[in-house]
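Asks: Produce the complete structure using the sequences and hints provided.
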Amino acid sequence: MDTRCADSEIQLDVDLMVLEYTLFQAIEAQLSVLSRGGFQDERAGPEPRRVLAIFESFLEVFKHNHPSYEQSPEFNFRLEILRVLILLLCHYSPVISTDRLTEDVSAALDSRAMSDLMARRRWLARRERDPRRGGEGFTVVEQADQGPAWDLEQQIYSAWHSRSSHHASRAPQHTRGPLLFSLLPRFMAISACFVDFTNQGPSDIWMDVACEFMLQAGLESLRLRGQNGTVECLPKLEDRFAWGYNFNLDESLNGDAPHTPPTPHHNDETAEMVNNLFRLRQDEDIGLEHPDWTQLRIDTLHEFSVAADASAQSQSRRLEHLADKYPRADFQQRLAGLVQDMWNLSCRAEVLGKPVLVEIEEGHVKSLGLEGADFDQFAARVGLTEGFDEIEDCILEKAARGPAIGREQSLKGTYEYQRERERRRQEGGIANGA
Numbered sequence: 001m002d003t004r005c006a007d008s009e010i011q012l013d014v015d016l017m018v019l020e021y022t023l024f025q026a027i028e029a030q031l032s033v034l035s036r037g038g039f040q041d042e043r044a045g046p047e048p049r050r051v052l053a054i055f056e057s058f059l060e061v062f063k064h065n066h067p068s069y070e071q072s073p074e075f076n077f078r079l080e081i082l083r084v085l086i087l088l089l090c091h092y093s094p095v096i097s098t099d100r101l102t103e104d105v106s107a108a109l110d111s112r113a114m115s116d117l118m119a120r121r122r123w124l125a126r127r128e129r130d131p132r133r134g135g136e137g138f139t140v141v142e143q144a145d146q147g148p149a150w151d152l153e154q155q156i157y158s159a160w161h162s163r164s165s166h167h168a169s170r171a172p173q174h175t176r177g178p179l180l181f182s183l184l185p186r187f188m189a190i191s192a193c194f195v196d197f198t199n200q201g202p203s204d205i206w207m208d209v210a211c212e213f214m215l216q217a218g219l220e221s222l223r224l225r226g227q228n229g230t231v232e233c234l235p236k237l238e239d240r241f242a243w244g245y246n247f248n249l250d251e252s253l254n255g256d257a258p259h260t261p262p263t264p265h266h267n268d269e270t271a272e273m274v275n276n277l278f279r280l281r282q283d284e285d286i287g288l289e290h291p292d293w294t295q296l297r298i299d300t301l302h303e304f305s306v307a308a309d310a311s312a313q314s315q316s317r318r319l320e321h322l323a324d325k326y327p328r329a330d331f332q333q334r335l336a337g338l339v340q341d342m343w344n345l346s347c348r349a350e351v352l353g354k355p356v357l358v359e360i361e362e363g364h365v366k367s368l369g370l371e372g373a374d375f376d377q378f379a380a381r382v383g384l385t386e387g388f389d390e391i392e393d394c395i396l397e398k399a400a401r402g403p404a405i406g407r408e409q410s411l412k413g414t415y416e417y418q419r420e421r422e423r424r425r426q427e428g429g430i431a432n433g434a
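The numbering of the sequence shown is UniProt numbering, which starts it at 1 and goes up by one.
Note that these hints are calculated values from the structure, not bench results.
Relax, there's no trap hidden among the hints.
Straight-line Cα separation of at most 20 Å, EDC-like style, residue types lysine to aspartate or glutamate; simulated pairs:
id, residue 1, residue 2
1, LYS325, GLU212
2, LYS325, GLU303
3, LYS63, ASP13
4, LYS63, GLU80
5, LYS325, ASP208
6, LYS63, GLU74
7, LYS325, ASP299
Pair by pair, the computed Cβ-Cβ distance ranges are:
id, residue 1, residue 2, range
8, ARG348, ALA312, 45 to 55 Å
9, SER32, GLU128, 39 to 49 Å
10, LEU345, GLU320, 31 to 41 Å
11, LEU12, ASP196, 22 to 32 Å
12, PRO148, GLU350, 39 to 49 Å
13, LEU12, HIS161, 47 to 57 Å
14, MET273, GLU70, 16 to 26 Å
15, ALA312, SER72, 50 to 60 Å
16, LEU79, ILE205, 22 to 32 Å
17, SER72, SER203, 22 to 32 Å
18, GLU350, GLN11, 28 to 38 Å
19, SER35, SER115, 24 to 34 Å
From the three backbone atoms N, C-alpha and C, an ideal C-beta is built for every residue, glycine too.
Replies: Next comes the structure, spelled out in structure tokens:
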């Protein structure tokens, strides 16, 4: 076959193809593990970890070779899906936790969690003003109903505040990994991007899973807040349920309400997309929250209803009841299935499609109109008749110099380095991420 390597003029295009391919494979591998319930022991899942290590190495090489290149929204969407999957596996798998991460990564997670918490507090402040101020598109009756509904929410929150540091409850199964609260905003963000790409509103299934996500996060928070020394550093119940449409978001983004400057994780564009996730899409001129979300959210919150003077024992019994009524394992499977469905839909040709190398691996390039005999001619012309592995090896061996990882390496060298590194880890029992 033709073994000529890519020249400098098309190096960026080839690097992008390789990067997109390895990202795609990393996501597929992590989804496969999550659908099976996560890593259950140290020997589980060597292939997903190897694929992930390869992608991370390619990403490092790509950034070195193309430091000024700005990735597309589609690539960033897929990269965020991968991050969510990794954090979900860290949360649910007993053999993986954030105490294995580097100090830099742990600090970044803490920074993101604090940024997310501040964003939810700003949402609460805006929502508190909405019932008092009314808004464009609200009828007189709707405005009158908002105040009592908000007051009822406050009663639920206040009941848990009064004894939050005293009730005792069975501890969550896994607390070393990232908390569900730190995963919930990422889930909302990728959902908002998905809705934006597909130009359709969230489904009933999505709303149901999202509300249970809030419930599970609230349950986790209240149970952890009952442990000594953890109350002040954990989000409150209302922070977990601070999701919905704010008609005055534009005003607050432009200075009407105080808010901290945007961070790399929270900018005006992202905030607007997440806000519109909950907007009624039937009439874009009227700023109304989707009524199905409004009702499902409040119904879910009411699961935490207790008497204002409930004892610590009564609160504990309520938490135990919710833990039995909504098993975490069942929720994990539903969440994994939803993310898998979002991923599959996003890979359809009419949405984002698949990377070119993935298409070639499947025996077509539908994105370029190459199928059947046309693809066979293309395959013969570029040397694919000997199989996809041959052209993949050719791409990996191209002369693209990367950052030193022990020594100066090409992409092929990086690939071999990571493969050998993973082999040594598995043989020597070295923990992943060491």
